Amino acid sequence: MDNVLSTKDLCKKYGRADVLKNVTLDIPSGSIFGLVGRNGAGKTTLMRVITGLANPTSGSYSLGGIPNTDHKILSVRRRMGSIIESPAIYKNLSAYDNVKLQYINLGMTSFDTIPELLELVELSDTGKKKAGKFSLGMRQRLGIAVALCGKPDILVLDEPINGLDPQGIIQMREILLRINHEKHTTILISSHILEELSKLATHYAFIEKGEILQTLSSSELMSKVRKASRLKVSSTELLCPVFDREKIEYKVEDDENMDIFSDITASRIIGLANEAGVEVTSITENNESLEGYFMNLVAKKDGIS
Amino acid sequence: MIRALKSSFFRFFSTGLFVKLLIISVVLGAFAILQTCASEYYMYFVSRPRYLTNEFVIFCILKLVYTMPFATAVFSMMFTGNDVAFRTINNKITTGVSRVNIYIADLTVTVFASLLSLFVMTGLFFLFGRLAPVKSAVTFSKYIAGIFVQVLLITVAFASVYTLLQFFISTKLLALIISLIMIPCLMFGNMYIEVCLQEPYRESYKDEETGELCWKLNDEYIGGTPRKILTFIYETSPYSYKFIENEEHVPQEAIAAGIVFVLSSAAGITSITKKEYQ
Chain A
362 MDNVLSTKDL
372 CKKYGRADVL
382 KNVTLDIPSG
392 SIFGLVGRNG
402 AGKTTLMRVI
412 TGLANPTSGS
422 YSLGGIPNTD
432 HKILSVRRRM
442 GSIIESPAIY
452 KNLSAYDNVK
462 LQYINLGMTS
472 FDTIPELLEL
482 VELSDTGKKK
492 AGKFSLGMRQ
502 RLGIAVALCG
512 KPDILVLDEP
522 INGLDPQGII
532 QMREILLRIN
542 HEKHTTILIS
552 SHILEELSKL
562 ATHYAFIEKG
572 EILQTLSSSE
582 LMSKVRKASR
592 LKVSSTELLC
602 PVFDREKIEY
612 KVEDDENMDI
622 FSDITASRII
632 GLANEAGVEV
642 TSITENNESL
652 EGYFMNLVAK
662 KDGIS
Chain B
-13 MIRALKSSFF
-3 RFFSTGLFVK
7 LLIISVVLGA
17 FAILQTCASE
27 YYMYFVSRPR
37 YLTNEFVIFC
47 ILKLVYTMPF
57 ATAVFSMMFT
67 GNDVAFRTIN
77 NKITTGVSRV
87 NIYIADLTVT
97 VFASLLSLFV
107 MTGLFFLFGR
117 LAPVKSAVTF
127 SKYIAGIFVQ
137 VLLITVAFAS
147 VYTLLQFFIS
157 TKLLALIISL
167 IMIPCLMFGN
177 MYIEVCLQEP
187 YRESYKDEET
197 GELCWKLNDE
207 YIGGTPRKIL
217 TFIYETSPYS
227 YKFIENEEHV
237 PQEAIAAGIV
247 FVLSSAAGIT
257 SITKKEYQ
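Chains A and B, in that order, are what the protein sequence lines are.
Position one of the first sequence corresponds to residue 362 (this note's numbering), numbered consecutively onward.
Position one of the second sequence corresponds to residue -13 (this note's numbering), numbered consecutively onward.
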């Protein structure tokens, strides 16, 4: 699989602060690449550098094989669409005119495909309504339409579902999947809502304090995330010493809930609980979430594991 | 460059700015006419023979020295300021439109819009001069052309400075306030320069011992190259009114406007390549 976008030892400093530290990434063509990180981890900065809004302090990146130092990068950028932080749209223009303006920015002279694009993001019925009167979800979708102008090879989307209601999130997910499947557009996406990201991404990069902690495909991630049994008990405090003695790996959520990561049968759990004088209310299979996996990675980096 | 220009002009015409500009130009032009009529009421409407002369048009055009910077500052905020504040400038940068071209295109539209407004208002003055309910001797003259060209040059210079401010001050309202504050600053600065230049070369004093009137060199007097520079700044300032004296002043005004335009545009073009947008 070719890489649409590659970064090598990318660094970005603001004053003395290292916002990006030697970021090396390869984004495979046709993938949905999820960038996972906390607030201030460097996700937006990385996207701003890649899209040309900010210059790297050192290191390099290449877009479609063209390095950022090459003058041709300007023409290759036409093959990239982006939304950084929030959609950049003209509030006093209609959806059609916003898209038309981006066609002009791209040097396109035919506007025949605009209705098709608006149809794709479900904004074809907005007519002459100004974008300033759109709901947040509609603005986000218009942002996607603007980013999709010129049939880009790669979409860079920074928190595209931020602030959307559940229906808006589902709508956005369906649109992104359609774009990826039907138009074979590579998508680099960051999101705080990790469970939602896990429904989209084919690849992941985990970023913390400007450093890439790990990159892996979704299948690799699936094999790595640990299976857990969620226990609801009368007292986790009484049960912990018994599990410690038996060297059973666990994580306490609160006084009544805990996750067990060891491969252990339900009857043995109940036996150990009886021994500790604890009543077991329920046992459910509970796969470790993307969020949990990320938090463990971060904890390991911080040396808390 | 063509992409950037097409994009900026499309925005100018399709966002309603063009229509708003025309309306504001007509309103400001009418206001200048009313103000001139009010201040020169006796001369044109009471005394006989009741003639509207070229002087009327000149008085109106001179009011534009105050009106045009104001109108240009507001337009610059609504055009370039919105592009930066709404981050729509990002859509151009990320699709590979050169930053220099983005700057030049926005500057071109701001200059175009300012000049359009100037032409509309001046046209309105002539129209009123010809159609007013009194006899008219208003006609196009070389003198009016000289005054008009100077106001035009001043407008272009202001447009270039205001574009620079709107590009680099991320809060468009703050950029507008600074733009507007520049106008009284220029006026007071000019008054101060005038006072400095009026300092006499020598000053007299009375010798206490002999009681004779003596002369000594004035320490406050500014001479040499600084005097030449201050004189140039004073004479080319829009608020010195030196330029109404004769139309030979046009080349001097063109040099001053050219210097302001080139310096501010060079500063803008140099800075935009390094600026990091949010």
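Hints were generated in silico from the structure; no laboratory data involved.
Accuracy of the hints is not assured; some may be wrong.
Claimed, not checked - Heads up, simulated BS3-like pairs for lysine-lysine below, C-alpha to C-alpha not over 30 Å straight-line:
#1 A:LYS494 x B:LYS158
#2 A:LYS433 x B:LYS121
#3 B:LYS158 x B:LYS261
#4 A:LYS593 x A:LYS382
#5 B:LYS121 x A:LYS489
The model shown is predicted, which means the values in this text are computed figures rather than measured ones.
Tested hints:
For the hint pairing LYS494 (chain A) with LYS158 (chain B), the CA-to-CA distance comes to about 22 Å; that is within 30 Å, so the pair holds. Restraint check: the Cα-Cα separation between LYS433 (chain A) and LYS121 (chain B) comes to about 66 Å, which exceeds 30 Å; the hinted pair is violated. Between LYS158 (chain B) and LYS261 (chain B), the direct Cα distance comes to roughly 16 Å. Compliance with the 30 Å bound is thereby established for this hinted pair. A distance of roughly 42 Å separates the Cα atoms of LYS593 (chain A) and LYS382 (chain A); the hinted pair therefore is violated under the 30 Å criterion.
For the proposed pair LYS121 (chain B) and LYS489 (chain A), the alpha carbon gap of about 49 Å is over 30 Å, so the pair is violated.
In this structure, the earlier hints numbered 2, 4, 5 are contradicted, and the remaining ones agree with it.
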